[in-house]
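Peer 1: Construct all of the structure, not just a fragment, from the sequences and the given hints.
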Amino acid sequence: AQSVTQPDIHITVSEGASLELRCNYSYGATPYLFWYVQSPGQGLQLLLKYFSGDTLVQGIKGFEAEFKRSQSSFNLRKPSVHWSDAAEYFCAVGPRGDYKLSFGAGTTVTVRA
Amino acid sequence: DAEITQSPRHKITETGRQVTLACHQTWNHNNMFWYRQDLGHGLRLIHYSYGVQDTNKGEVSDGYSVSRSNTEDLPLTLESAASSQTSVYFCASSESTGEQYFGPGTRLTVT
Numbered sequence: 018a019q020s021v022t023q024p025d026i027h028i029t030v031s032e033g034a035s036l037e038l039r040c041n042y043s044y045g046a047t048p049y050l051f052w053y054v055q056s057p058g059q060g061l062q063l064l065l066k067y068f069s070g071d072t073l074v075q076g077i078k079g080f081e082a083e084f085k086r087s088q089s090s091f092n093l094r095k096p097s098v099h100w101s102d103a104a105e106y107f108c109a110v111g112p113r114g115d116y117k118l119s120f121g122a123g124t125t126v127t128v129r130a
Numbered sequence: 136d137a138e139i140t141q142s143p144r145h146k147i148t149e150t151g152r153q154v155t156l157a158c159h160q161t162w163n164h165n166n167m168f169w170y171r172q173d174l175g176h177g178l179r180l181i182h183y184s185y186g187v188q189d190t191n192k193g194e195v196s197d198g199y200s201v202s203r204s205n206t207e208d209l210p211l212t213l214e215s216a217a218s219s220q221t222s223v224y225f226c227a228s229s230e231s232t233g234e235q236y237f238g239p240g241t242r243l244t245v246t
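As they're listed, the protein sequences go chains A and B.
Counting from 18, one number per residue, gives the positions in the first sequence under our numbering.
Counting from 136, one number per residue, gives the positions in the second sequence under our numbering.
Keep in mind the hints are simulated off the structure, nothing from the lab.
In this text, all values refer to a predicted model and were calculated from it rather than measured experimentally.
Some clues are possibly wrong.
Distance condition first, Cα-Cα at most 30 Å in a straight line; then the derived DSSO-like pairs of lysine-lysine [as the list claims (entries may be wrong)]: (1) A/78 - A/66; (2) A/85 - A/66; (3) A/78 - A/117; (4) B/146 - B/192; (5) A/66 - A/117; (6) A/66 - B/146; (7) A/117 - A/85; (8) B/146 - A/117; (9) B/192 - A/117.
Have a look at the derived ranges for each label pair, beta carbon to beta carbon [said to hold, decoys possible]: (10) A/63 - B/187: 39 to 47 Å; (11) B/218 - A/26: 33 to 41 Å; (12) A/19 - B/157: 27 to 35 Å; (13) B/218 - A/87: 43 to 51 Å.
We treat Cβ as the ideally placed atom computed from N, Cα and C, and that holds for glycine.
Peer 2: As structure tokens, then:
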């Protein structure tokens, strides 16, 4: 069965520190991969996506993610977090040739001063 | 600018009532989706549509229905609201590239 796992429910990080959010997936073939961010009371905003090619992808707000086929992972990183990065982050995957997405349960990021 | 709007943003209803949540997109996307978001579950797909007159069930479709009479709208109907359907509902749309664009959500409370 297809699945998306975000192992960390909640992460607390100091402002200015680096951040890494983990995402693992189980699919028959390499799917399309996405990271979304949700601020409180808001909808989801696309941070970045991976379809093919370079396994390190750059997104908005200074985020990047690395696709590792051997580990079935698509981890999200930011070198230096800002207080405005406090939000919930969702990893999503979708099979090639289809448009549906499966979402992980999300990781809540708290930024302390 | 293109966008997705949802209405109402907040709704309180009673058990057993029929409720319809509206979703309208101006992206001119063929694909539209309805999700519910519950703590600890992320987003779960309720129904989706790949074009006018096309509708499909997602993983949590029981008690919900949709219809697609034009490109812009995909209303979600709860036939007989239950307390288990208290949730935040998100509508999304996408083109063939796969990335989905989300509306602001509707918070539904069933009492």
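Peer 1: What hint numbers does the structure not satisfy?
Peer 2: 6, 10 and 11
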